[in-house]
Amino acid sequence: MAYLLLLIATYIFMSINRRLLGIPGFFYYSSVRPIVGIYFRDKLLKVEEVYYWELAETLGDRAQLAILPAYFVAFDLLSFLEIWQKWLVFLFLNYLWWVVFAAYLVKGFIPQTPALRPRTTRTPHA
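Start counting at 1 in the sequence shown, then tack on 316, and there's your number in our numbering.
Possibly wrong hints are sitting among the right ones.
Said to hold, decoys possible - Computed beta-carbon distance windows for the label pairs:
| # | residue 1 | residue 2 | range |
| --- | --- | --- | --- |
| 1 | Q401 | L381 | 21 to 27 Å |
| 2 | Y327 | S395 | 22 to 28 Å |
| 3 | F396 | P427 | 42 to 48 Å |
| 4 | S331 | L397 | 29 to 35 Å |
| 5 | R433 | L393 | 41 to 47 Å |
| 6 | S346 | P427 | 23 to 29 Å |
If you're looking for bench data, these hints aren't it; they were derived computationally from the structure. Even for Gly, the Cβ is constructed at its ideal location relative to N, Cα and C.
Full structure from sequences and hints, please.
As structure tokens, this is what we get:
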């Protein structure tokens with residue numbers, strides 16, 4: 317029953333987040349940006365110049381999808397932990413999903429970013 321309620325709550329939170337904020341991923345992307353920035357360095361800035369809002373929106377749409385798996389791991393599989401430890405694991409797993417998915421998105425946008433496309437060299441015709 318808890319899984320069904322969490323699944324319903326996930327989609328309710330996603331719709332509320334979209335209605336209230338317009339761009340639902342601003343909070344999520346802002347929280348993981350420093351970690352993703354360490355990994356991608358200058359490439360992240362160039363990707364963000366073109367695709368910042370797409371990154372934030374897509375991450376916001378997908379961020380809540382980690383709720384159910386994180387709940388299963390934290391509260392069912394790790395039954396030997398104290399309740400506060402379960403909540404810490406739950407929050408950590410959600411945050412880890414945000415970081416991994418944000419890095420995946422940035423990596424996908426790198427080839428599409430004009431400033432990061434490989435330059436072709438022209439050779440003079442002989």
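Consistency of the hints with the structure:
1. Q401 to L381: 21 to 27 Å: holds, 23 Å
2. Y327 to S395: 22 to 28 Å: holds, 27 Å
3. F396 to P427: 42 to 48 Å: Hint holds: Cβ distance 45 Å, inside 42 to 48 Å.
4. S331 to L397: 29 to 35 Å: Cβ of S331 to Cβ of L397: about 32 Å, so the range 29 to 35 Å holds.
5. R433 to L393: 41 to 47 Å: holds, 44 Å
6. S346 to P427: 23 to 29 Å: holds, 25 Å
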